[in-house]
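Visitor: Generate coordinates for the entire structure from the input sequences, incorporating the hints supplied.
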Amino acid sequence: MVLISVAFVILLAVLLAIWVSLLAIDFQYNKEKSDCSNCRKWRSSPR
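Sequence positions in the sequence shown follow the numbering used here and run -2 to 44.
Everything labelled a hint here was simulated from the structure, so no lab data went into it. Positions of the beta carbon are idealized from the N, C-alpha and C atoms, including for glycine. Hints may be right or wrong, so weigh each one.
FRET-style restraints, in silico, Cβ to Cβ [unchecked claim]:
| # | residue 1 | residue 2 | range |
| --- | --- | --- | --- |
| 1 | MET(-2) | LYS28 | 44 to 54 Å |
| 2 | MET(-2) | GLU29 | 41 to 51 Å |
| 3 | VAL6 | ASN27 | 25 to 35 Å |
| 4 | PHE24 | ALA4 | 29 to 39 Å |
| 5 | VAL(-1) | GLU29 | 25 to 35 Å |
Guide: This is the structure in structure tokens:
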């Protein structure tokens, strides 16, 4: 029983770490996008 709870806690920690890293990457991307004011290619790109 203890082993199951330990594995569950480890799994939660891993998921939390992945989620935080994804948020950090997204935040960095948005910051870089808003930092360059003369980049019109973000808006004019066909994607």
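Visitor: If a hint holds in the structure, say so; if it doesn't, say that too.
Guide: A quick look at each hint next to the structure:
1. Between MET(-2) and LYS28 the beta carbon distance is about 45 Å. The supplied range of 44 to 54 Å therefore holds.
2. At about 47 Å, the CB distance of MET(-2) to GLU29 agrees with the hint of 41 to 51 Å.
3. About 32 Å separates the C-beta atoms of VAL6 and ASN27, a value consistent with the hinted range of 25 to 35 Å.
4. One distance hint, 29 to 39 Å for the beta-carbon pair PHE24 and ALA4, holds here, with the actual separation near 31 Å.
5. Look at VAL(-1) against GLU29: about 45 Å separates their beta carbons, and that is not inside 25 to 35 Å.
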